[in-house]
Amino acid sequence: MHQYGDRRAVDGINLQIEAGEIFGLLGPNGGGKTTLFRILSTMLHPTSGRVRILGLDPKTESAAIRGRIGVVFQNPSLDAKLTVLENLNHQGHLHGLRGKNLKARIDDLLSKMGLESRMHDRAEVLSGGLLRRVDLIRGLLHRPDLLIFDEPSTGLDPGVRRAYWADLEDLREKEGTTLILTTHFIEEAERCDRVGILDQGRLVVEGRPSDLRQAVGMDVIVIEAEGVGALRDDIFDKAGVSAIVLDGTLRIECTDGHRLMGELYAMFRDQITAITLGRPTLEDVFVRETGHRLQAIPEVA
Amino acid sequence: MALVLPTCSLWKRELVRFVRDRHRLYGAILQPLLFWLLVGAGLNASFFPAGVDAEVTYLEYIYPGTLLLILLFTAIFSTISVVEDRKEGFMQSVLVAPVPRASLVLGKVLGGTTLAVLEGLIFLLFAYQLDIPLSPASLAATICFLVLLGLALTGLGFTIAWRMESTAGFHAIMNLLLLPMWLLSGAFFPLSGAPPWLGWLMKVNPLTYGVAGLRRVLYLEAPAKAGDVASLEYCIGVTLIFTFATLLASIAVVVKGEGARV
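Quick note, the sequences are listed as chains G and X, same order. Okay, so the first sequence: first residue is 1005 according to our numbering, each after it adds one. Okay, so the second sequence: first residue is -13 according to our numbering, each after it adds one.
Chain G on its own, in the form it takes in the complex (with noise of 0.2 Å):
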């Protein structure tokens, strides 16, 4: 639990996180999940209760713990004077490493990702999403067997998103690095292993986002309609089907969606403007457990 002045930021989190796995921390901004990322990469201690993290007490063996693992920020960490070479120099000595064994393993994460031709650009000249890539780089130098993302996706194009998704998949797979990141995107969520959904400072449902998806059902059903209340209890006394009213649609969770959405059409084609049909997401995971939208906007991957 952790409290700023009177308010608690997160509380009655329960969490246990596996090694080598991509583990998502799913929530609104506002929900807790910042305060969760500074508790698990040593910036912040919780008011009160426990925990470990490669099995060490960040109260008490905090430097032990900064050596293994590694933070990627959401605002790259790295100097907008210095190039990107001296910036990785530096992170290195940060953590020990230099001479000839941190040149080879910069070279080498540079090659890795295509990026040696910038290596003496100042990274003010970079894009952000080569800014991120290098920031990825600059995370991974003293290979961390944990490595923490605090929103890694924010102002990324979805094609840069894509490509570095690929590298950190590619990460897990080849160095068993264990991911954690917290994120407000759906489908950021959906490509980790396991989520975990916090929202107001709880941890409020968590699992493998195939799971929480099946638990809410197999089908959704989106009606968009003028008197949405109104076209509810119709449904609800005609059809027997009861939806509940979100942002001035209908929901209606089913396992049959083709079928019921093809005859609540022809019962009710007048007072509906739209109607959709889809797989639950894990928007939907959410809005069940919590009553009200992840964000206002849906988020297009």
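No lab work stands behind these hints, which were simulated from the structure alone. There could be a bad hint or two in this list.
Claimed, not checked - Here are a few chain X residues that sit away from chain G, every Cβ distance over 12 Å (derived from the structure):
(1) Phe34
(2) Ser89
(3) Leu125
(4) Leu234
As the list claims (entries may be wrong) - Partial list, computed: chain G residues near chain X (C-beta under 7 Å):
(5) Phe1077
(6) Asp1083
(7) His1188
Just so we're clear, the structure is a prediction, and the values are computed from it rather than from any experiment. Glycine included, each C-beta is placed from N, C-alpha and C at the ideal position.
Starting from the known structure of chain G, arrange chain X on it as the hints suggest.
Same frame as chain G, but now just chain X:
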């Protein structure tokens, strides 16, 4: 090893950043220089400070204070960047590296001090234009004192910056505390002529002993021209304590903030 490598690395970073930022290169020297020339020339005819040798022009009188101002400005420029750096920049990763907190402080402070002293040295060239008799001994003494003051001021700046949430907050402290401290340091007017309440403020102001100390070392070969200020030993003593205090405070704020806030 754990302390030396990161400290040197961070120290070097400060120097490289400075060289690449044209504005800082010019700003920290030109501003005080301009001020010195304009105020010195302007007030020359009207100013006869009590207890000061009549031969000393006002331009010469405010020279040591201007030297201090250069140190102060460089210290501020060096440390103000800590605010943003800590929240969104390079320093984020320093905080999660297995680096002793003292290393973080020393890297920054040594870097800032190096820059301050270098700028001070450039300004010392002007001492030869005035009637300040700089011998190798007094030059060496002056440089040592500049190093001491540089450490103290950068340490002070760091302590302030580490606890600031915004650069604007630092600007406020600069205007409400640091610049008044400088104004009341004997840079412009001597302690002896000031009204008692002002004199008291000046006596408790550590910068007063910084300026007095500079007067003493600059005029090592002609002590009479230093005026009626505290003795060199006293100035060194006070400044040493000041330096020690601000460096300890710098490390304390980082260690105290550890794990409690970002």
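Now for the hints, and whether the structure bears them out:
1. Every CB of chain G is more than 12 Å from the CB of Phe34 (chain X) (nearest about 48 Å), matching its label as outside the interface.
2. The Cβ of Ser89 (chain X) sits about 9 Å from the closest Cβ of chain G, inside the 12 Å cut-off, so the non-interface label is violated.
3. Separation of Leu125 (chain X) from chain G is adequate, the least Cβ-Cβ distance of about 33 Å exceeding the 12 Å criterion.
4. Separation of Leu234 (chain X) from chain G is adequate, the least Cβ-Cβ distance of about 21 Å exceeding the 12 Å criterion.
5. With a cut of 7 Å, the hint placing Phe1077 (chain G) at the interface with chain X holds, because the nearest CB-to-CB distance is about 5 Å.
6. With a cut of 7 Å, the hint placing Asp1083 (chain G) at the interface with chain X holds, because the nearest CB-to-CB distance is about 4 Å.
7. The beta carbon of His1188 (chain G) comes no nearer than 19 Å to any beta carbon in chain X, farther than 7 Å, and the hint placing it at the interface is violated.
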